[in-house]
Amino acid sequence: MPVVPRTILFALATSVFGASLQAQLRAYAGAIAGNATIGPQFQCATSGPSIPAPWFTGVPVPTDGIAACGLSGGIDDRRASSRPLTASQTASGAMAGGIGTFTGSAQSRANYWALGVAASGTATGPSSSVTYRTASAFASFAETITYSSPTVANGTAGSTNFSFLIDGMMKNTSLAPFTQQGDVYLSVLYTNGASSYLWNAFIGSTTSNELPNLRGGSTGIPGNFVLSPGEFSGSANITTNAFFQFIWGSPFTIEVALYTTVSPCCNGTSIASNFFNSAVLTGIDAFAPSGAVTDFVVDASSGARLNRFGVIPPDVNVVPEPATIVLFGSGVVILLLARRRRLTYRVSTTAWSSGLATE
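Throughout the sequence shown, residue numbering follows our numbering, covering 12 to 370 in sequence.
No wet-lab data here; the hints were simulated from the structure. Honestly, I wouldn't trust all of these hints.
As the list claims (entries may be wrong) - Across the chosen pairs, the derived CB separations fall in these ranges:
no., residue 1, residue 2, range
1, R226, A64, 19 to 27 Å
2, A78, D306, 55 to 63 Å
3, S261, S139, 49 to 57 Å
4, P137, P324, 52 to 60 Å
Just so you know, even glycine gets a beta-carbon here, dropped at the ideal spot from N, CA and C.
Full structure from sequences and hints, please.
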């Protein structure tokens, strides 16, 4: 009989502590302004995205560094497993020739299964090839998730899609003939063994005063977004439609990211992108060879449990302390001994067992 509690304790320790290492949040906010000072050996002449593959986003950063190249602003890039996680950044610097300024700001908010980003910028002077004038926000969560169902045997091949509510606006106030662009993405990085790829679930882009380009799911222009030259606003429930492959009962990993970047050009132009209350999980579809499955549960490494309607309340993200697990195991031992030795207290012992299980 004592073997049972030890088995329970080992399983709890393995699942709980393994899970705490797998879940992660990221909140990034960047804003860069000013004119890079090019050195005699072409220092500060090249730059690249501050968030590399597979995302390729974030503010562009000189390879020699922001401060070393005479630029203002910076990057607030945070990673943690506990939630929520936020980041913010502002920047203000001269445009080309010291005429006018670029001011930009970015904010991000990361939670498991709920993300938000916003970025804005205004440029009041001329621009050049060495002028930096970008603001960018990025929020993501990474989870290792396992699907189970009483009607699907573990080891069965399956597939899944996720639905997220996207709600926000982007306004691009441009000046002809100059071109400027703002973008927002919702993307899912899927990893299962040797298979890994990035799926863009939603894209919204504005280029100067042109009609915006929106696509998501399989609907083209999704939901009730309203489009006009240079801007769009509204909301939509976006389904990934990727049919991510998995094995029932076996874990795989996803990282969901919402990110936006704005780069106003010059001479009084601006771009504002606000999706700070966006990317909230609204549902999950799961499939087996026999068809759609509705009685499933998803266990996530953050501690969240999900089903076809989204996060199952209460969404608990608390990792028990070692002492808590030991106490739980001790309680199981006491319970088993009590039930074995004192049958006359069967009713009260059963009630205590129920109370223990729900704590």
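Hints versus structure:
no., hint, result
1, R226 to A64: 19 to 27 Å, "22 Å, holds"
2, A78 to D306: 55 to 63 Å, "56 Å, holds"
3, S261 to S139: 49 to 57 Å, "54 Å, holds"
4, P137 to P324: 52 to 60 Å, "54 Å, holds"
Consistency note: the structure conflicts with none of the earlier hints.
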